[in-house]
Amino acid sequence: MRSRISLYGLTFSLPLLLWQLLFFVFPLLFLVALSFWTVKNFTMRPDFDTVNWVTIYGRAVFWQAYATTFVMAALAALLTSALAFPAAYAIAFKLSDTARRWAVFLMVIPFFTSYLVRVYSWQIFLSDNGIINVLLGGIGLGPFPMLNTVGATMVGFLTLCFPLVVLLQLFSLAFIDRTLIEAAHNMRCGRLRTVFEVVIPSARVGLSIAALFAFILCFGDFVSPVYLGGGEPTTLSILITDTTKSGQQWPRAAVIALTMIATLLVVAFAAIRFAYKGRSK
Amino acid sequence: MTQDMTALPLSVHPSGTPAVATAPTAKAPAAAKARKTASHGAHDLNRNRGVDAALWVYILLAYAFVFAPIAASFIFSFNSDRFPSIPLGEISLDWYRAVATDPLVWEGLRNTLFVGVITGVVSTLLGFGAAYTDYRYKFAGKQVYLALALLPPTIPVIIMGLAMLAYLSRVNLSGNALSVIISHVVVCAPFAMAITRLRLSQMDPALEPAAWNLGASEWQTMRHVIIPFCKPAIFGALFITMAVSFDEFAVAWFVSGLNETLPVKVLGFLQGQVSPRINAIGTFVFVTSMTLVILAQLLLSNRDAKFRNTSGE
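Top line first, the protein sequences correspond to chains A and B.
The numbering used here runs 9 ahead of the 1-based position in the first sequence.
The numbering used here runs 1162 ahead of the 1-based position in the second sequence.
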């Protein structure tokens, strides 16, 4: 294929490049600049002052939120991966081709429903007079306070990530060499042992990437922590919305956002290193 | 019209190109058969009915979890109770009526449609260009180009929202529908690119050079060969990106100002009183999005059949 620069080639390649530079790279770079601006009398001034960084990093609230967010996102990633794996495994190995296609189609549907609406719907299930407590009350239990707990936030996180993680895991399981599994079985390797010693290692890249996506999604989500978790404990995304929307302290919000991006980059790098460990040899 | 155009390069080359059309049909059943026998062999040894049944139950539970909120939202949108729970109240269309008579909802819907349609068209165009660039060209910095083209959806929406708000208000673009469109295209174009790229990878790499050899210019080849071949993917991308834009609320919430889209209104309802109106809107948006997705799916799955027809002429 020819690769010299031509008007023809540029017509197709340039528009997206320009768009993403102008409206994706520049905004993110501007965030860096913004974090050094100062706010006086509710107006922002271009400046080069580390005051925002010092203020935010000097606050216990921030570090608490940071730890909370990190732990909750990591927990959600592990939980989602663990709960999704049996489903992905069963869909990949136990269903007929037709049934598998339907299963995939059904798993795609949630992507086109509003996450907000689904979260609101979980309120109907989890509230004190909600469906679950009414059902439990029917057999003489409860009511259990479920809304506005960390558990409810986790339900929201699962709602957010579960379909994506199942699909990504399914995708990686589909590429496993079936003869490897057969070989393991021939050598009298039990079912469970085959799963842990053949299937999971073979699908490690996909499984790690799936968990990484779950982590990224939950780390940045503010809907579940607010509307299912009741805003307690405070997460970084809640801090950002509060700082931006009510506080008008955009430079400080920028500091939080940049810290989140840095964290995500480190986590993504570590996850990808782990995923491909020993593969390149 | 377009059918003739696709047929043109194919019919001139009866020896080479029809293979493109017939190969997948011939290969697919054989491959499926091979897979089937392979999986049979793998299953026979360690098959255990109890485990299989447990896995079946697990699949059902997984889907129950995924669809519980969707189904509940649908059911309670027709329920008269102010605070939705069981036992169900009367069946009513009150919430739909409340939504339909709310001028703010209509305004939100108008904004959503406006933003969604333009976002869909622009994202599809940009995504097509990027997919074609990746398909055809090798150049220094291609990795960076692809990263720029595909990364935006992985940035948390809240950070995108903040960055967009700060940046766009700096260049006096924030607080209107245009700012929502700009931000949505950033997020949606990667989806359009991925869909189109997938389609291009199914194209015989010899097809384009063949058209050139027959004297077509690059532009003519684009118009008469590549675009017709990608047509299902282009429409698929259009519908999918529109559906993504219809549901996006976080970035829109940050940048939209007074021109709120429907999902941003829903966010407002969530913040205020618990309101079953959300269910009515959600069901409406769900039906709209699903219609778009199913249209896209039909287009994307009929492509092989269509392509066979055109090449057979």
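No wet-lab data here; the hints were simulated from the structure.
Here the structure is a predicted model, which means the values were calculated and not measured.
Treat the hints loosely; a few may be bogus.
[Stated by the list, open to error] No farther apart than 30 angstroms at their CA atoms in a straight line, the calculated lysine-lysine pairs in the DSSO-like style are these: (1) B:Lys1393 x B:Lys1300; (2) B:Lys1304 x A:Lys286; (3) A:Lys286 x B:Lys1393; (4) B:Lys1304 x B:Lys1393; (5) A:Lys49 x A:Lys286.
Going down the list of hints, with the structure as the test:
{"no.": "1", "hint": "B:Lys1393 x B:Lys1300", "result": "24 angstroms, holds"}
{"no.": "2", "hint": "B:Lys1304 x A:Lys286", "result": "25 angstroms, holds"}
{"no.": "3", "hint": "A:Lys286 x B:Lys1393", "result": "40 angstroms, violated"}
{"no.": "4", "hint": "B:Lys1304 x B:Lys1393", "result": "25 angstroms, holds"}
{"no.": "5", "hint": "A:Lys49 x A:Lys286", "result": "50 angstroms, violated"}
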